[in-house]
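As you go down the protein sequences, you meet chains A and G in turn.
Letter by letter, the first sequence follows residues 11 to 466 in our numbering.
Letter by letter, the second sequence follows residues 551 to 803 in our numbering.
Read the hints as simulated data drawn from the structure, not as lab findings.
The beta carbon of each residue, even a glycine, is placed where N, CA and C say it ideally should be.
Each hint should be verified, as a subset may be incorrect.
Stated by the list, open to error - Okay, the calculated beta carbon distance ranges per label pair: (1) G:N694 to A:M54: 49 to 59 Å; (2) G:K637 to A:P344: 18 to 28 Å; (3) A:N452 to G:D630: 42 to 52 Å; (4) A:A337 to G:K690: 31 to 41 Å; (5) G:G702 to A:I63: 16 to 26 Å; (6) A:I63 to G:D687: 25 to 35 Å; (7) A:A65 to G:H569: 52 to 62 Å; (8) G:H569 to A:A309: 50 to 60 Å.
As the list claims (entries may be wrong) - For lysine to aspartate or glutamate, the following EDC-like pairs were computed, each having C-alpha atoms within a straight-line distance of at most 16 Å: (9) A:K142 to A:D93; (10) G:K650 to A:E463; (11) G:K748 to G:E719; (12) A:K274 to G:D606; (13) A:K274 to G:D609; (14) G:K678 to G:D654; (15) A:K357 to G:E622; (16) G:K637 to G:E614; (17) G:K678 to G:E622; (18) A:K142 to A:D104; (19) G:K637 to G:E719; (20) A:K357 to G:E719; (21) G:K644 to A:E202; (22) A:K357 to G:D630.
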Amino acid sequence: MTVNSQSPTSSSQGQAGPRKSRSLLAVDAHTKRRNASEARFQFMGKLAVGIGILALVGLLASILANGLSSFRQTYVTVDIFLDPAKLDKDGSGDLAKIAKVTTFGYKPLIKRAMAAAIAEHGIDDQGLKAKKIAALISPQAPATLRNYVLAHPDQIGKTVAFNLLASGRIDGYFKGRVTMDSAKLDRNISPEQLRLADEMHRVGLLETRFNWAFFTAPDASDTRPEAAGLGVAILGSAYMMIVVLLLALPLGVAASIYLEEFSKQNFLTDLIEVNISNLAAVPSIVFGILGLAVFINFAGLPKSAPIVGGLVLTLMTLPTIIIATRAALKAVPPSIREAALGVGASKMQTVFHHVLPLAMPGILTGAIIGLAQALGESAPLLLIGMVAFVREYPAAPPEGFFDPAAALPVQIYNWTTRGDPAFVERASGAIIVLLAFLLTMNIVAIILRRRFERRW
Amino acid sequence: MNDIKVSARDVQVWYADNHAIKDVSVEIEDKTVTAFIGPSGCGKSTFLRCINRMNDTIDICRVEGDILLDGEDIYDPQVDPVQLRAKVGMVFQKPNPFPKSIYDNVAYGPRIHGLASGRSELDAVVEKSLRRAALWDEVKDRLNASGTGLSGGQQQRLCIARAVATEPEVLLMDEPASALDPIATAQIEELIDELREKFAVVIVTHSMQQAARVSQKTAFFHLGNLVEYGETSQIFTNPVDPRTESYITGRIG
Ligand SMILES: Nc1ncnc2c1ncn2[C@@H]1O[C@H](COP(=O)(O)OP(=O)(O)O)[C@@H](O)[C@H]1O
Ligand SMILES: [Mg+2]
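The shape of chain G in the complex, shown without the other chains (with noise of 0.2 Å):
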């Protein structure tokens, strides 16, 4: 078994009166590939977001409890959300490359957090991080073209490169195929499978087969819950709660 990467107790989350998450404790494993599932509007995507304090930038939503990075609580005051995102990288739905340059887009974490010294230095990184996110061969020949340019999928890849290239430890993404096609689904389901040995990653999916095919670990959500938690293969053939038997063979979703 891996280590505990993050370790989640209680938590509470409230959009103004929406009590939107309820008293989840979780515990997240290092370079293991944990996917949160339920039915839409369960709070997955709002437990997410609170691994990285995303949820800090609205105003209206109010976290309790205690997330433990590495031992550390990341909601103690003396933490800065922007160093703990530098930490625990994300990848969101649509992807959202910058409307710059594709080497701009990957070079702009690593330029704010000063990683790289140097255009050579910087070079590096770019290629290491567009090539752990598998599109460093279709895009070498002109990473000075507009990243807003590529196709769905490689405007993906480019998210990921762009969340790799700040060298996170953790890396959270919130249903990061549902826009794209097929194709661009399955390059990125492979890509998420190699991302493992390096990170701890958590995918948000509400495609069953992909939790399935990527995860080792499954957490599902239900109403705000956390119903059940534990490997995936067992989830998905000997669930122990009735509600995650009936979302897994379709009768609520």
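Chain A with its partners taken away, still in its complex shape (with noise of 0.2 Å):
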């Protein structure tokens, strides 16, 4: 027995020799692997956050280069006389008949206007025809004046002077776009035109300014991507996103807040549990066919309304405001409840009192995630139809949830599918408005959190 016991360790102790501590000072071959391997990883780490922020850095570096132009818009300013012999024949003043007169009818009044202003300034024309000389003017332009003339009838045969859009390409040729080499192989535009406008530019003409209209306009069709603006664009998303609010959020807190606190656990909680977490995963789409399907096949609500939209952006967006809420109220320690309770609270002032202040922050940043979501969603709005292709601005609200309109993330596909390489400057200088949104939702989703944030 004395044997066996002390066998081992003297064994041990004859293999390892007396036991000597070792010199710190010297790193043994078991620690320099571990902090090879450890080495190893960090380095692997660094390259993975690498690569991520040359990504991410590459993809904002290509999309403001594209999309930043969008932002500037080149005008041409012109003195116009709104001529009675063609807009008011008869010298009636009559509104009606006034409304006759359709944009063609306005062309031969800027052509004019065009020709009189460079002869005026001394400008040499190039050569070219008067129709020439005034395509430099956006196809839009009849129609700013068209709507000018119906809102001040009264202005008809004076002089006014007007800020008219530069047509798609010279607007490009200005933004580095079109070049004279371009210009050549180009039915819409050709080198003596670019030379003209260089000359108009030249006296003061032709400048290029800041593009509020990008922000106000609605859509504009093909031919004309210099008037296409995000305005209606905007305006739906934003009404999408006040259904989404005032319909999500409180669904969302009311159903996280019964199932965490008031339910009792059982099958069919657990099942519900599964399901929406199920849900959260859903791809978006699904979420479309399903609004097609009950919003407007079913409850007859109208195609490409904000309402629909925001229903079905309502339900894709639910899921995650439950899954964060929930977890905001779990995260509340225990401790706080019984407090409560033991004071003899109910369950009700228990979690109104004091449960849910203190998950208030978890609670609106999955909020404002759910919504920023929601705000860059596009395949659903697809399938119901936002994209809208709206003259005039949808009604103020609450008529506006009903008016057709388009949506910010739509808009943007939209005008990615269209000829005109401007389009594709407008569509990255959405991607930039949208991303602006998407930021400054996220910060105030940061700002509200660090506010409410409190210790216990």
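Can you join these two chains into the complex? Each is in its own frame, and there are hints to help.
Below, the structure written as structure tokens:
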């Protein structure tokens, strides 16, 4: 017995020799290997972060390079004589008759005014015909003129200074997209026209300015990218966000509070929990199909309306909000609930006086992340036709919720499918706007979290 | 001898299939400190939480038997546990003040139970409660400071003030000093002795010295059974049951 119990000790001592403490200054092989593997892992981590940052920077750089120019736009300033002989033939001033003059009837006015302006400034017209000179102006211009006249019929017979959009190609020339070489091959523009534009720029008839219209104007047809704006899309997205905020936030928070604080844990609640998690992972286009079937075909809501888009996005956002809210509620320590119940607070008082305020930062963060997701969503909106081509603005709420509108991401998709390269610029510009909105929302989320955060 | 305040008869508690309290009958006296001692996991907290129906909040917990407060069955279907908890206050093991001001911590109970009308009355209740908890002098100048900013011992006294502010008749304390340093512990123990004048105090403790110091009655729990219950002096000097003796001499625990 004694021999047995002693032998392992003596043999291990025999193998290792007397235990002598090694110097800390000499690194042994085992430690070296361990350090090397740690260094390798750190290097791989840094590499991954580096690749991520590089991809992000590349993406941002390309979008900014393509899109920033859409915030500037080339305008031609020209005095136009609103000729009564063309606009109000019998001189009655009757608005109904003036309205009968189509945009086609305004073209000669522009043609005449351009020729006059060039002659007045003594610019070499490069041997261009009046029609070619007028082509420097956007085909949108007659409509601009007509709207002005219909709004101010008393101005007929007077000369008014107008800021008219330059055509897309001229705008592209000043942004570097169109060059003399490309113009030679282009049926829509010639080098002579570009040279004339240069001259007009020199004397101040033509200039590039900040493009407010990009944020306010509605979409425009394929032939006039210079007139296309995000107004309707921003408004449509805003209406949808209002719907989502008003529906998804209260519904989601109420459902989470019930599930987390009140319901007993049983098979049914487990089933609901699994389903909510699964819903959060359902591809968004499925919600679009659901929306099409339920809200449009069954409930008969109007197509392309923000209310339908908002409802679809609400369905999509609900699981996100519920999951975030439940996580936030779970993170409130049970000791707070015990404390409140212990002094005789009811369940509801406990939740509303103590748990909910503590969970607020998490709930708000979740809600804003859900909203941001909804704002950037395009697939389900394409399915319900949130690509309405709206010439005028949708009405203000509440009617606006039922008027056709577009949405930011759908507008971006729509523009990328158009032929004119000027629309690529517009699409990139719209992406920048969308990113700016998303960034703002995330910053708001961070600020709210900071503000509401409390220790316990 | 004092009146019987709480009387438990054949109480059984299950957590799902785990039979945590077996056939416990005990009579808790008014104006007395009763200590529950026993090895950890023996069911002291579980039994304590039966007295204010805190176990109702645990889905899997099932309680059988009768617990009478002043002769009324607190598990009667007509009893609202919320009302019961205003009468039977509780102090928890870990200090758990609300992340609100000191004032709001103490005022919360009186507010939700409508015990004070008007600001001045509420001020008076808060002051009285904080004085009873021996905290008034330390915090009277910073009633609007956060309750979570106090030291551990102060937080626990704040929780005691919060509990006594609703004018309970029974005060349950689940290892109230186990998270505190010796000085704070001594303050709490002194406080418990004073609270005895007004309430029936039931305290769970894992420290036998503490039980000996603060209590008049002691109940020894073991594996869900109430093994022995009697005068504290008798339990510690002359235990009847061999298990009690083993525990207080340190052989089980
Ligand atoms: N919330 C709970 N859910 C399930 N089992 C519990 C719960 N609380 C306590 N128990 C069980 O009940 C028994 C008694 O626990 P407890 O009353 O906390 O003992 P003590 O306070 O004496 O240490 C233990 O077996 C414990 O595992
Ligand atoms: Mg315990």
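(message) Checking each numbered hint in turn, tell me which of them this model violates, lowest number first.
(response) Hints 5, 6, 9, 15, 16, 17, 18, 20, 21 not satisfied by this model.
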